[in-house]
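Asker: Letter by letter, the chains look like this.
Number of protein chains: 2
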Amino acid sequence: MKIALDAMGSDAHPVPDVAGAVLAARAYNVSVILVGDENKIKAELAKHDTRGLDLPIVHAPTMIGMTEHVEAVKAKKDASMNLAVKLVRDKQADAFVTAGNTGAAMAAAIAGPYLLGRIKGIKRPALTTTLPTATGRVLLLDIGANADVKPEYLYQFALMGSIYAEKGLGVPNPRVGLLSNGEEEGKGPQVVRDAYALLKKSKINFVGNAEGRDIPKGTMDVIVCDGYVGNVAIKLSESLAKTMVGFIKAEIKKRPLAVLGALLAKPAFDALKARLDPSEVGGGILLGVDGVVIIGHGSSDTNAIKNAIRVAKEAVEGNVVELIRAGVQEA
Amino acid sequence: MKIALDAMGSDAHPVPDVAGAVLAARAYNVSVILVGDENKIKAELAKHDTRGLDLPIVHAPTMIGMTEHVEAVKAKKDASMNLAVKLVRDKQADAFVTAGNTGAAMAAAIAGPYLLGRIKGIKRPALTTTLPTATGRVLLLDIGANADVKPEYLYQFALMGSIYAEKGLGVPNPRVGLLSNGEEEGKGPQVVRDAYALLKKSKINFVGNAEGRDIPKGTMDVIVCDGYVGNVAIKLSESLAKTMVGFIKAEIKKRPLAVLGALLAKPAFDALKARLDPSEVGGGILLGVDGVVIIGHGSSDTNAIKNAIRVAKEAVEGNVVELIRAGVQEA
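Respectively, the protein sequence lines represent chains A and B. Residue 321 in my numbering sits at position 277 of the first sequence, with consecutive numbering throughout. Residue 316 in my numbering sits at position 272 of the second sequence, with consecutive numbering throughout.
Mixed in with the good hints, there may be bad ones.
A pair counts as met if it fits within one copy or between any two copies, since identical chains are not told apart.
Said to hold, decoys possible - Listed below are the simulated DSSO-like cross-link pairs for lysine-lysine, each with C-alpha atoms no more than 27 Å apart in a straight line: (1) LYS46 - LYS118; (2) LYS244 - LYS231; (3) LYS261 - LYS310; (4) LYS298 - LYS118; (5) LYS298 - LYS261; (6) LYS293 - LYS194; (7) LYS286 - LYS231; (8) LYS244 - LYS279; (9) LYS310 - LYS91; (10) LYS167 - LYS244; (11) LYS310 - LYS247; (12) LYS261 - LYS245; (13) LYS293 - LYS317.
No lab work stands behind these hints, which were simulated from the structure alone.
All chains should be modelled from the sequences, with the hints used to inform the complete structure.
Answerer: Right, here's the structure in full:
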């Protein structure tokens, strides 16, 4: 399997990108094509033991920065993101992974000079992430690709999310919820109520409305919403966890005995930290695109890049794109 | 000042309702009119020292349960909620407080047999709450009264929230944010983008888009959104905090040294717990109604009821309803 990695993606590119690629190539037995500034990539590669690994370089003379607008995708044809997407389009790679500018990565896949395009019948691609729950993880989509949606989009997000959770994340018969402001049918904005009706008569394992409280509970495997509320939910989750940790640290510092206590309890807190650590997830899949596209956080470290490549590999192995294509045809 | 309390509101009614009224009457020097089953209220009052306090009873033969639909508000004219609202309508009380069924309480105020009605010019009332932040609290609205909104509703929520934060919560020149899925102008669903334009040219201290991460940050005093995303945000916040605490407890239990450490650090955790404790807030005001209406959580304890009465008193003293009336006329 060949994964095309935008080596200029992360904020600290290409350091964690290349290091993560080296780790992933060894751990998952995949080829990782490093797309970006050849000299910089070579300099990074020289720092690692790459014997026996397949880590070819494709030179890209430019790149798209984190603060650039999506228009840059069309303007910079030879940017690392575009050339990495082109490898997938030309069947020279099985998946595209980047920790770069999310909007630009979506644009490169959907509307760039070497676009993969949408799967036939899919109205709108959806950006996903998985969040930690009391029992495991939940797949949330859309988290920002579509601020305004129609009932049919939400239905398709549920269909794609269900297929991906089963085949890409290994959850048998995933329980799919529809995010609303009340658990009963009939609660929520009109678009949610109309989507409820579509989901109810579908073959999806639809378990009804999800409330905000259900996101961390672990009682659903997939939760579907528009990209506005989904984006608010993930940013709120991340920020609230940090605020709570910051507050408890400040309270502990005020009390010498609590400082000692916190030292003794540190392994338990480290376990919480690991559980909340986004680098264990690596990246979220962009569903609905005719190819495997994994987008990670700009702050990705080596471990995050490695895991994003693992997520890509699992999506390729799960044949997620073909199954979504078949699912849409059938529906 | 006279506060009409639905004594049959909380899940454990009338126990915490009456006990909270006794505490509030003493602490805040207000009369609390207890509306509900006279015999039950008398039996509860007998358990307390009420010397010198003004705690009259208004008998209500029926009540509206937590699981009843809002239609019950029209069907049960003599329910405690309706009779408490009637006291405000008839100028026999300055505010209405309940820990009962939220939907029914809103209906009693807006569309019940003794409705207070909307303030002239207000399109839709909005339900509010305050959430803890890194630096204090933030007022969030709407949190569930309006799942679908128009730009003008959001503008009015911002106007009402700004007036209430200043006069009811004592925040000078409150910073008002509009919840979106990106900080830049132009981000978000169409309704949010249109509301942005209205807010930008208003006299409100509008600081731009808020992202989900801004809710707990403490950089804004008021955050405005539709009732769908607001409801998701508050339920997610509550649930995530509980999930994190539950997870850390489980991890501590696995490790004997961590158990000892947690004991030593307990005062710091108690401080966090107090900060997250919703009973310190008591209740949220329903803005846009022609009268002060405070709605608390069904799980309210004595302290929550006491604080809900405080919130009512502060809103009356702040002359919030009249100021909103004037603000809407001016705008």
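Asker: For every hint, state whether the structure bears it out.
Answerer: Structure-based check of all given hints:
Taking identical chains as interchangeable, the C-alpha atoms of LYS46 and LYS118 lie at most 27 Å apart only when both belong to the same chain, with a minimum of 25 Å there against 66 Å between chains. For the identical chains of this complex, LYS244 and LYS231 are intra-copy neighbours only, at 14 Å inside a copy versus 32 Å across copies, given an alpha-carbon limit of 27 Å. Proximity of LYS261 to LYS310 under the C-alpha cut-off of 27 Å is found in both arrangements, the shortest distances being 25 Å within a copy and 25 Å between copies. Proximity of LYS298 to LYS118 under the C-alpha cut-off of 27 Å is found in neither arrangement, the shortest distances being 54 Å within a copy and 54 Å between copies.
In this assembly of identical chains, the alpha carbons of LYS298 and LYS261 lie at most 27 Å apart only when taken from different copies (21 Å versus 32 Å within one copy). Taking CA atoms no more than 27 Å apart as the test, LYS293 paired with LYS194 passes in neither setting, with 44 Å inside one copy and 42 Å between copies. Taking the shortest alpha-carbon separations for LYS286 and LYS231, only the inter-copy value of 25 Å comes in at or below 27 Å, while the best intra-copy value is 31 Å. Taking the closest pair of Cα atoms, LYS244 and LYS279 come within 27 Å of each other only across two copies (24 Å); inside a single copy the shortest separation is 29 Å, beyond that limit.
Within a single copy, LYS310 and LYS91 get their C-alpha atoms no closer than 33 Å, and across copies no closer than 46 Å, so neither meets the 27 Å cut-off. Taking the closest pair of Cα atoms, LYS167 and LYS244 come within 27 Å of each other only inside a single copy of the chain (20 Å); across copies the shortest separation is 33 Å, beyond that limit. For the homomeric pair LYS310 and LYS247, neither the shortest alpha-carbon distance inside one copy (46 Å) nor that between copies (49 Å) is at most 27 Å. For a Cα distance limit of 27 Å, the shortest separation of LYS261 from LYS245 inside one copy, 26 Å, qualifies, whereas the shortest one across copies, 42 Å, does not.
Taking CA atoms no more than 27 Å apart as the test, LYS293 paired with LYS317 passes in both settings, with 13 Å inside one copy and 13 Å between copies.
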